[in-house]
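Taken in order, these protein sequences are the chains called V and D.
So in the working numbering the end of the first sequence lands on 448, straight run, no missing numbers.
So in the working numbering the end of the second sequence lands on 448, straight run, no missing numbers.
Calculated directly from the structure, the hints in this document are not laboratory data.
There's no promise every hint is true.
Each pair may be met inside one copy or between any two copies, as identical chains are not told apart.
[Unchecked claim] Using 25 Å as the maximum straight-line C-alpha spacing, the simulated DSS-like pairs for lysine-lysine come out as follows:
| id | residue 1 | residue 2 |
| --- | --- | --- |
| 1 | K262 | K34 |
| 2 | K264 | K368 |
| 3 | K155 | K444 |
| 4 | K444 | K120 |
| 5 | K120 | K173 |
| 6 | K359 | K55 |
| 7 | K421 | K301 |
| 8 | K97 | K223 |
| 9 | K421 | K173 |
| 10 | K253 | K338 |
| 11 | K359 | K253 |
| 12 | K120 | K223 |
| 13 | K65 | K173 |
| 14 | K376 | K223 |
| 15 | K444 | K262 |
| 16 | K444 | K65 |
| 17 | K262 | K359 |
| 18 | K397 | K368 |
| 19 | K155 | K145 |
| 20 | K253 | K97 |
| 21 | K338 | K145 |
| 22 | K120 | K376 |
| 23 | K120 | K34 |
| 24 | K444 | K264 |
| 25 | K444 | K279 |
| 26 | K368 | K262 |
| 27 | K100 | K271 |
2 protein chains.
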Amino acid sequence: MNSTTTQGHFQSQQASDVAVNIPTTVKPRIVIVGGGFGGIKLVRRLRKLEAHVVLIDKNNYHTFQPLLYQVATAALEPDSIAYPFREIFKDQKNFLFRMGEVQEILPAQNKIKTSIGEVDYDYLVLAAGSRTNYFGMKDFQQYAMPMKSIPEATQLRNLLLENMEKALLMDSIEERQRLMNVVIIGGGPTGVEMAGALGELQAHILPHDYPELNFKMMQIHVVDMDERLLRAMSAESSQSAAEFLKRFDINLWLKTKVVSYDGKTLVLSNGKQILTDTVIWAAGVAGGIMPGIKPQSIVPDGRIKVDAYHQVEGYNNIYALGDMACMVTDKTPHGHPMLASVAIQQARSLAKNFVRILAGKPLRLFVYKDPGVMTTVGRNHAVVDLKFMKFQGVLAWMVWLFVHLMALVGFRNKLVVFINWAWNYFSYDRGLRLIIKPSVR
Amino acid sequence: MNSTTTQGHFQSQQASDVAVNIPTTVKPRIVIVGGGFGGIKLVRRLRKLEAHVVLIDKNNYHTFQPLLYQVATAALEPDSIAYPFREIFKDQKNFLFRMGEVQEILPAQNKIKTSIGEVDYDYLVLAAGSRTNYFGMKDFQQYAMPMKSIPEATQLRNLLLENMEKALLMDSIEERQRLMNVVIIGGGPTGVEMAGALGELQAHILPHDYPELNFKMMQIHVVDMDERLLRAMSAESSQSAAEFLKRFDINLWLKTKVVSYDGKTLVLSNGKQILTDTVIWAAGVAGGIMPGIKPQSIVPDGRIKVDAYHQVEGYNNIYALGDMACMVTDKTPHGHPMLASVAIQQARSLAKNFVRILAGKPLRLFVYKDPGVMTTVGRNHAVVDLKFMKFQGVLAWMVWLFVHLMALVGFRNKLVVFINWAWNYFSYDRGLRLIIKPSVR
């Protein structure tokens, strides 16, 4: 390695990080943990900074999370919504990627411990997103399917299809139904999108694949504690989404909690019991765990408390953004919503502040500009809430398609997703009903 | 189930196969094990037969094996070369699919034992293809990577890319080289295609991803016992392939055997030791194991002996075709080559014979018509051997592309593969350098 070992910008770089082979230079090193929407936007925005930008992620690719539900429902290839970091930043000179999992932060030593060794930092940015939150319900943690990563979405696709194959083999109607029924816990965007996609599978696709099964018997349930779906959106949007889902005979259990699930029977707070082999957990997320950050700086749901400059409370060179951060200000006593748009805006703001930090200038406060929220409910139907305008239906759906297509990283991915969408739309078909299991070796 | 339990066509259907819920009818039941090239062709050709066609496969999809090496080298999505059986045959009325693994054949009872229960048959067709043959070399079985299925190809992609990530972390040149080097055992079509694709990755793609690594250090080796590559093809083709691979500085070890491999060092029969973490086994296949068939009917490499009517020796209602069958005739004392074209032609022949069997007519002999063989070696270069003509280079490459694109099942797959090829060709890029590991749950 042509490493120039010398003093770091404002603090010692003596500590060895041989294991990760990052050359030490005179430039300050900004280490970013997590390449989600916030992480990759921040890396990109720092491209002209006289700094050394190091991204650490446990995967070698960025996941386009908003379309995970389409992978799980056989509409898109898993690879179409993933993009390698090395490809995204191949022309960025001040950038370095390392694949590894962060195990602990050692703020006193300005370093992090990772699965591949220790990494020194001058500035640390925590952007590792959120994790599935089961609210301490062990049975759901054990039996319900989360959907926060590509392997999880693929696993869910496998399960849904395998259960249909198994249902064929059952003699008892009850057993068949248990294998065909799906319960989605959580009526937020993920739950609603998943429900709509499953409704379509049930109505148009699975009956052709499994003429031996009676899909009128298959039940799809959505359970939510709130009195309406999509509680982060307008009442009109909630209403429209609920109406659309009911067209597919999807059962909505609002103001209802889940009580227990033993892998076969799900019990609701109203006493209703649902036989099901497939429970999808879309009920909540919590901040990713980051050992080493002092407990006082962590809010009850696991997010890390930051000030309006993205600085983690109690540290002067650690920052957090996106789902991982809880920016407590007068206007946002509970932080911002855990949305891609927040992470992206915070990344932009933090990138600008890094310029100011290195120049010794005063920092600028972050102000969130709500660009609106949209959720797709199914074929030809989405709901869009903008600041001065709300609309639902076909136009909203076209806007949703366009926005998501454009947001995908890379032209190849855009093209392949577009073709799959067009194909699925016109053929009423999903070519990806594959049960591809990992090799047993 | 609306099953009409009655006597079978020519033998009893009394035995219960409740577990797999296949309705018994008056029509004879033809059970086909394996949905490779032969299996799916046979199902399709039997579509007008007054029979009940049951396909059993351990996967719910057909794998387009000739393009597995492109999945392993990040050129194609795994999903693009897989196609669900239920989709292929959705309009075929006399068809039924069951996902399960065959465990044993019980010829005396005319049934097979599978992972999902027992299945009765009137006629049984064994078309389960081949398995990787390590020729009893335990260390290679343990450490080398096979490439016969989509999960195996994906696993190989993961390994190749992960080893580059690991190489970055190493200080010693020796360790780096070990992680970057690749040895391919076997210089047949799979070995040659893999070598060419890896040569391209080394020359055009990996250096952009890993500017920190010196790819001049990376060695690609192909080892084969024979005195030339592609021994099933013409001398011109062998020569042309070898020349092309040498342009990438790929090391060809001909007339050479592998002796041992401990996961770190591979030893060749000429004494040469190669440090490598990645050994790809493309050296041989053997007939899939099918317990229950009498040992006398199995040839040493595991294939099942059939006569010129595809009938397994010693049974009057069991047939075998494709890689699984060894048709011993005067002209083919060791059977036919294990090629897709053989499997497909045998399926056509057997389909015609089934019409004759059910009509009580005499059967027709199978005669293989060699359509020629082709192998792609790399960008702009393939080798084609036809009966009256041999050609190599760009034109051969275009023929290869066209033939393989057309052979893919389904329009969506054709389109997505075409786009990926065009993309890779013009951009010198592979968007699919993803390490997607199965979910740990």
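Each hint, compared with the structure:
Within a single copy, K262 and K34 get their C-alpha atoms no closer than 55 Å, and across copies no closer than 54 Å, so neither meets the 25 Å cut-off. Taking CA atoms no more than 25 Å apart as the test, K264 paired with K368 passes in neither setting, with 50 Å inside one copy and 67 Å between copies. For the homomeric pair K155 and K444, the shortest alpha-carbon distances inside one copy (18 Å) and between copies (14 Å) are both at most 25 Å. For the homomeric pair K444 and K120, the shortest alpha-carbon distance between copies (22 Å) is at most 25 Å, but the shortest distance inside one copy (32 Å) is not.
For the homomeric pair K120 and K173, the shortest alpha-carbon distance between copies (17 Å) is at most 25 Å, but the shortest distance inside one copy (45 Å) is not. Only within a single protomer do K359 and K55 lie at most 25 Å apart by alpha-carbon distance; the minimum there is 11 Å, versus 70 Å between protomers. Taking identical chains as interchangeable, the C-alpha atoms of K421 and K301 are never at most 25 Å apart, the minima being 42 Å within one chain and 54 Å between chains. When the C-alpha separation of K97 and K223 is checked against a cutoff of 25 Å, the pair qualifies only between copies, where the shortest distance is 19 Å, while the shortest distance within a copy is 51 Å.
In this assembly of identical chains, the alpha carbons of K421 and K173 never lie at most 25 Å apart, being 35 Å within a copy and 30 Å across copies at closest. Taking the shortest alpha-carbon separations for K253 and K338, neither the intra-copy value of 37 Å nor the inter-copy value of 66 Å comes in at or below 25 Å. Taking the shortest alpha-carbon separations for K359 and K253, neither the intra-copy value of 46 Å nor the inter-copy value of 50 Å comes in at or below 25 Å. Neither within a single protomer nor between protomers do K120 and K223 lie at most 25 Å apart by alpha-carbon distance, with minima of 53 Å and 32 Å respectively.
Taking CA atoms no more than 25 Å apart as the test, K65 paired with K173 passes between copies only; the shortest distance there is 13 Å, against 34 Å inside one copy. Taking identical chains as interchangeable, the C-alpha atoms of K376 and K223 are never at most 25 Å apart, the minima being 45 Å within one chain and 50 Å between chains. Neither within a single protomer nor between protomers do K444 and K262 lie at most 25 Å apart by alpha-carbon distance, with minima of 37 Å and 38 Å respectively. Taking the shortest Cα distances, K444 and K65 sit within 25 Å of each other both inside one copy (21 Å) and across copies (11 Å).
Within a single copy, K262 and K359 get their C-alpha atoms no closer than 43 Å, and across copies no closer than 63 Å, so neither meets the 25 Å cut-off. Proximity of K397 to K368 under the C-alpha cut-off of 25 Å is found in neither arrangement, the shortest distances being 41 Å within a copy and 72 Å between copies. Proximity of K155 to K145 under the C-alpha cut-off of 25 Å is restricted to the intra-copy arrangement: shortest distance 18 Å within a copy versus 39 Å between copies. Taking the shortest Cα distances, K253 and K97 never come within 25 Å of each other, neither inside one copy (47 Å) nor across copies (28 Å).
When the C-alpha separation of K338 and K145 is checked against a cutoff of 25 Å, the pair qualifies neither within a copy, at 35 Å, nor between copies, at 66 Å. For the homomeric pair K120 and K376, neither the shortest alpha-carbon distance inside one copy (35 Å) nor that between copies (63 Å) is at most 25 Å. Taking CA atoms no more than 25 Å apart as the test, K120 paired with K34 passes inside one copy only; the shortest distance there is 21 Å, against 67 Å between copies. In this assembly of identical chains, K444 and K264 lie within 25 Å of each other by CA distance neither inside one copy nor across copies; the values are 33 Å within and 33 Å between.
In this assembly of identical chains, the alpha carbons of K444 and K279 never lie at most 25 Å apart, being 34 Å within a copy and 38 Å across copies at closest. Proximity of K368 and K262 under a CA criterion of 25 Å is satisfied in neither setting, with 50 Å inside one chain copy and 70 Å between copies. Proximity of K100 and K271 under a CA criterion of 25 Å is satisfied in neither setting, with 53 Å inside one chain copy and 34 Å between copies.
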